[in-house]
Amino acid sequence: MNAPNRFLPKVIALAVTGFARLVTGVRPEWRGCEPAPRRRVYFANHASHGDFVLIWTVLPAALRARTRPVAAGDYWGGDGLRGYIGRAVFNAALIDRTPEPGQQHPIDYLRGVLAEGSSLIFFPEGTRNTTDAVLLPFKSGLFRLAEGDSETEFVPVWIDNLSRVMPKGQFLPIPLLCSVTFGAPMHHEPGEEKTAFLNRAREALLALKPKGPAA
Amino acid sequence: MNTPAEVLMLFGGILAVLVVATTIGQVLARRVGPEPSPTIENLNQRILAWWVMVGLIGLAFLFGKTGVILLFAFTSFAALREFLTLTPTRLGDHWALLAAFLVVLPVQYYLIWIEWYGLYSIFIPVYAFLLLPIIAAVSGDTTRFLERVAFVQWGLMITVFCVSHVPAFLTLDIPGHAGKQVLLVAFLVIVVQGSDVLQYVFGKLFGRHKVAPSLSPSKTWEGLIGGVASASLVGAGLWWITPFSPFQAGIIALIVCLMGFFGGLVMSAIKRDRGVKDWGRMIEGHGGMLDRLDSVIFAAPIMFHITRYWFSA
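Protein sequence lines, in the order shown, are assigned to chains B and E. Okay, so the first sequence: first residue is 5 according to my numbering, each after it adds one. Okay, so the second sequence: first residue is 1153 according to my numbering, each after it adds one.
The following block holds chain B by itself, in its conformation from the complex:
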């Protein structure tokens, strides 16, 4: 990235992670793997706009610099302030949620980003889960990313409680503790069917959900 000014993005990044820590007191739990500089796809549950910020906050700085959140171009793109933060601070991998015929498919673009050596933060549900269900059904994207790629580690990440901090339709967050749990890396097995792989990924993600208080 050849941004002319590297100072401002660093200050914004510090402010964003500092604010995230103040509000959520977030601590990472590396249960299934260590924070290592390998090429990874962190796939997480998605219930809040702040989800990728929280994962981004708990990654060590060296890993953060080479981990790009996959984000919707219509929200995090553009020329405004949000577009600037999306590009310069988060270095988001922007995808078009409704690709037109003839355009490069988002998955091909993401495979290209991985091939450059970056890691990704990816939400396999495809959209924010605003229902009472624990997880929405996974879209096929995760499978298409993983198919035939034996080098990239697919790490399930459970983000807990953030949807209570930033409920749907509210813009001021309530300070409540959140946790981010990293599970064991998984790969697509040769010949594994799409449904089988997505089910396995879903189970691996759900297994990380804390038991929590009996509310």
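One or more of the hints may lead you astray.
Claimed, not checked - Here are some of the chain B residues that sit facing chain E, going by a computed Cβ distance under 10 Å: (1) Thr21; (2) Leu26; (3) Ser122; (4) Leu139; (5) Lys143; (6) Arg168; (7) Pro171; (8) Lys172; (9) Gly173; (10) Leu176; (11) Pro179; (12) Leu180; (13) Ser183; (14) Ala208; (15) Ala211; (16) Lys213.
Hint data in this document are derived by calculation from the structure and do not stem from the laboratory. Every residue gets a Cβ at the ideal spot worked out from N, C-alpha and C, and that includes glycine.
Chain B is fixed; fit chain E onto it per the hints.
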């Protein structure tokens, strides 16, 4: 602020205790050899956390009233955050919860800062008590309404109202003790936390008979009696930093230790009910802020009112 000579002596003594504790912890760790023991690892984590906590309190003391109020305002913030994490709040509580963090907490500490006793002693029990349920009711969500409203009020009483009574000592006007109120904060914290540590030590060394097996497996009669008795003696021995006589200091220390012990039981009961072992993970080896603070929370208002009623002008 002019630092009273007593503060320096006190911190000298505490540092000496920490050095001894650290040495013992390291020797024990060496003696078990390469196979690490969880108990000793946890002990050393706790001692390390004590260095940090003593450092933070010392730093706050350097900045006088401002420092102590800011430290405990942040403590309240972290404690309230932990408390509300475990409560079944709903979307309809959003504005009431925001008000708790953004209005009630700062106002309570501001009232202590301007030393308005008449208002800071009723602000949460009266005004927050009446206004927050109104906010929740206006939002229209009636599901488990009483339970949710009670949780928020209880959380504010415990984590903001009670905790704010620690810096409130600095607002007391005690004849012959002017400029030394910060020592009462030191007395309270040393006696209560000392009691916790000594109960832990006596419990680990001699503990056999459990006090409340259904609440807390680690609390034993041997720990309770040994810890409270020795911490009360420590309190009596610290009479020279207080406006109390040695006998009065011992009695007040005893009350403070007992409140602290039962406070720990109450907070354990809440944790049991919510199905968790610790309130959080903020303080390495200890758990969350509330795990470390539970005894101070129950002791501070009582010692504050004893001191205010009998010793202040």
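Evaluated hints:
1. Interface restraint check for threonine 21 of chain B: the shortest CB-CB distance to chain E comes to about 17 Å, outside 10 Å, so the restraint is violated.
2. Given the 10 Å rule on beta carbons, the hint for leucine 26 of chain B holds: about 9 Å separates it from the nearest Cβ of chain E.
3. Residue-level restraint check for serine 122 of chain B is violated (minimum Cβ-Cβ distance to chain E is 30 Å; threshold 10 Å).
4. Given hint, leucine 139 of chain B at the interface with chain E, is violated; its Cβ is 20 Å from that chain's nearest Cβ, farther than 10 Å.
5. Taking 10 Å as the C-beta cut-off, the interface hint given for lysine 143 of chain B is violated, the closest approach to chain E being about 27 Å.
6. With its C-beta approaching chain E no nearer than about 7 Å, arginine 168 of chain B sits inside the 10 Å limit, and its interface hint holds.
7. A least Cβ separation of about 5 Å between proline 171 of chain B and chain E falls short of the 10 Å threshold, and the interface hint therefore holds.
8. For lysine 172 of chain B, the interface hint holds, the least distance from its beta-carbon to any beta-carbon of chain E being 8 Å, beneath 10 Å.
9. Taking 10 Å as the C-beta cut-off, the interface hint given for glycine 173 of chain B holds, the closest approach to chain E being about 8 Å.
10. For leucine 176 of chain B, the shortest C-beta to C-beta distance to chain E is roughly 6 Å, which falls under 10 Å, so the interface hint holds.
11. Of the supplied interface hints, the one on proline 179 of chain B holds, with its beta-carbon coming within about 5 Å of a beta-carbon of chain E, less than 10 Å.
12. The beta carbon of leucine 180 of chain B comes within 5 Å of a beta carbon in chain E, closer than 10 Å, and the hint placing it at the interface holds.
13. Taking 10 Å as the C-beta contact cut-off toward chain E, the hint placing serine 183 of chain B at the interface holds, the least distance being around 8 Å.
14. Using the Cβ-Cβ criterion of 10 Å, the hint placing alanine 208 of chain B at the interface with chain E is not satisfied: the shortest such distance is roughly 23 Å.
15. For alanine 211 of chain B, the interface hint is violated, since its Cβ never comes within 10 Å of a Cβ in chain E; the closest pair sits about 19 Å apart.
16. Interface restraint check for lysine 213 of chain B: the shortest CB-CB distance to chain E comes to about 14 Å, outside 10 Å, so the restraint is violated.
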